[in-house]
Amino acid sequence: MSGNKGLLKSSVAKKVVMGLTGLFLITFLIVHAGVNALVFLNDGGQAYLKAASFMGTNPLIRAMEIVLVLGLLIHIIDGIMITAQNRKARPIAYHGKGASANSTWYSRSMGILGLLLLLFLIIHSAHFWIPNRSNQFATGHEIDLYERMKFIFSHIWVVGIYVGGCIALAFHLLHGFKSAFQSLGLNHSKYNPMIKTVGMLFAILCPLLFALMPISMYFGFIQ
Amino acid sequence: MSSGNMNLTLKIWRQKNASTAGKLITYQVADISPDMSFLEMIDVLNEQLIQKGEEPVAFDHDCREGICGMCSLYINGRPHGPKYGITTCQLHMRSFNHGDTIIIEPWRAKAFPVVKDLVVDRSAFDRIIAKGGFISVNTGSAKDANNIPIPKQNADEAFEAAACIGCGACVAACANGSAMLFVSAKVSQLTLLPQGKPERKERVLNMVGQMDAEGFGNCSNTGACEAECPKGISIENIARMNREFLVASLTKKEPKNSGGGAM
Ligand code: FES
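Taken in sequence, the protein lines are chains A and B. Going by our numbering, the residue at position 145 of the first sequence is 145; the numbering climbs one at a time, nothing skipped. Going by our numbering, the residue at position 106 of the second sequence is 1106; the numbering climbs one at a time, nothing skipped.
Looking at chain B on its own, in the form it has when it is part of the complex:
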């Protein structure tokens, strides 16, 4: 395969920390195997930089199996690069050609401040989850199958929503920097299941409230999030969240503080 190895020009966003301005710096890498993953290619670059005594490029990664959602990177104008339905760790260098110039940037959103270089702080997502992405009932040990009847369709839709790995590609892809796809997936996953019903109204109100407070933009239904989501989460979830939010806003009563209950 060595004949297929390639030389590439990389333009990588370097930024010291959140409070300093960053800029694109050009690097060359040579003899990159088409079988390498994109992250391995950056590993090669970092080896070079370390050998030269320069600061390596900071980037996020963890499982490198496409399941954790930790890797990010906005590659040539697209989150996770030129392919659909994969994370950056699952992107291989065979998707590029010898002599290509590749622009590598961090997720850009006010709510995702740059920590360093290509690493952004995605804890805004954690704070949204903390506002309602859970159920506060003790579910005990595993129940017998079919103990709680759940329509097959609901189970499937909840499962599809639960596939979200919280990587933030939806925010990165969105022209408006909106987090609607992420939040709607989390809302849908719980709202579709019986265990999520008791907190259904507070959940959507609180999670949307936190999403807005974090400074994410407003969805304008471009569908870019759905197209770029590595897990194929549908914007049907956003429509569901809009419905849930409307109903909850219009019908929620103030709590009476009478104690008891799952909430």
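Okay, chain A solo, but in the shape it has when bound:
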């Protein structure tokens, strides 16, 4: 087996790709949460709109947006391939159920959690990203994303969907963050506790910050 062919097809490579794209998507989450958190300044969306329009018009960031979509697609396709192969690896399911004694349910449900996140992402981009970009394409101007947020988050069921999406994200990250390091071979007794702690904090705080936005808007904490 030649080394390079092995690298592309092998199970180890699929994990590495999963981990790399996962960490890349985490950097996106950080930026996204950071920009959106500006709404908590409660200044009528001024600071938020400034940051959002920078993100929406800066050529470098727009180029990164393409890389982001590619990264997301690779993460999804890799995940589908891995899940399909794993299904085949155990054609007959066990009758006895005892897996909770050896692993967490969310570590065993990354595919399902990923699917939920994908569904959420479709709804979320239909709310903001797609209308905004198509308006830019048609008129050259961005829509007022802050007004749109207030409108979208005035429906309780939408807020419910967003909170649900954030919960799915939290569990996906709770396993995904530390799992990415393990897949990349970065397992060292000196750094493991730090990776675990940072991963857990991020998996809780980042989705919490996201979830607080629709909640605060719905209840009028942010005007």
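Some hints here could point you the wrong way.
Using 30 Å as the maximum straight-line C-alpha spacing, the simulated DSBU-like pairs for lysine-lysine come out as follows [claimed, not checked]:
no.: 1; chain 1: B; residue 1: Lys1143; chain 2: B; residue 2: Lys1197
no.: 2; chain 1: A; residue 1: Lys88; chain 2: B; residue 2: Lys1023
no.: 3; chain 1: B; residue 1: Lys1152; chain 2: A; residue 2: Lys196
no.: 4; chain 1: B; residue 1: Lys1152; chain 2: A; residue 2: Lys14
no.: 5; chain 1: B; residue 1: Lys1110; chain 2: A; residue 2: Lys9
no.: 6; chain 1: B; residue 1: Lys1083; chain 2: A; residue 2: Lys88
no.: 7; chain 1: A; residue 1: Lys9; chain 2: B; residue 2: Lys1252
no.: 8; chain 1: A; residue 1: Lys97; chain 2: B; residue 2: Lys1152
no.: 9; chain 1: A; residue 1: Lys9; chain 2: B; residue 2: Lys1083
no.: 10; chain 1: A; residue 1: Lys190; chain 2: B; residue 2: Lys1152
If you're looking for bench data, these hints aren't it; they were derived computationally from the structure. Predicted model, so just to flag it, every value in this text is computed and none were measured.
Knowing the structure of chain A, use the given hints to seat chain B with the ligand on it.
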């Protein structure tokens, strides 16, 4: 101790051979001593079946001392049953209660086809070993101690990896049917030691290649393998194998066929 003896309901996977479908069959056993090992309990059942003229349950076992890795059994949803860090032959009936129902299944993986009942064919592991789980240098007779300097930490880690008995509980426990823990233990054991260094790159590439070819699933780092391993093999070994594989894939040169050398 007889007061502690128990009656149990067993649901055991019966399957004639690899090409026929199997199913769970219910059996009753009575007066089982808590001091019996789990395998002795099945021996009791088999005596009953033989006396009734029925086919006994086929299951794997050999040393019954927890050292060979031959016994298997997926008991109540866990490889080697409800305890951690032991094989099924070291599981005792005191871990169960009078009146319990116990579901007993074979290891389930495409790469471990059922031979009969609870016996599976684990020769996929042998084929992975044959791809690189060895060193091809003549090590001669035993060297003087400290002739080859090996850092204590490497020696310890190699020794811990070498504790793997190849039982396949990692595959059985894994939600994905992945053999990463087994393969990584074998890769680590040799890669950490000087004698294993000459074939370091081919070894990891070939063993991972064979593992994939056998149809094992992809690791998703659930850690179930580590939790269920009777020898406590750590998933640190999987991270090491991932590193070794990446480096080997990116840096290995094609051989020039110039002869000589340990490879
Ligand atoms: S029979 Fe040898 S380890 Fe159980």
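Hints, one by one, checked against the model:
no. : hint                    : verdict
1   : B:Lys1143 <-> B:Lys1197 : holds, 18 Å
2   : A:Lys88 <-> B:Lys1023   : holds, 20 Å
3   : B:Lys1152 <-> A:Lys196  : holds, 28 Å
4   : B:Lys1152 <-> A:Lys14   : violated, 34 Å
5   : B:Lys1110 <-> A:Lys9    : holds, 19 Å
6   : B:Lys1083 <-> A:Lys88   : holds, 28 Å
7   : A:Lys9 <-> B:Lys1252    : holds, 16 Å
8   : A:Lys97 <-> B:Lys1152   : violated, 41 Å
9   : A:Lys9 <-> B:Lys1083    : violated, 37 Å
10  : A:Lys190 <-> B:Lys1152  : holds, 18 Å
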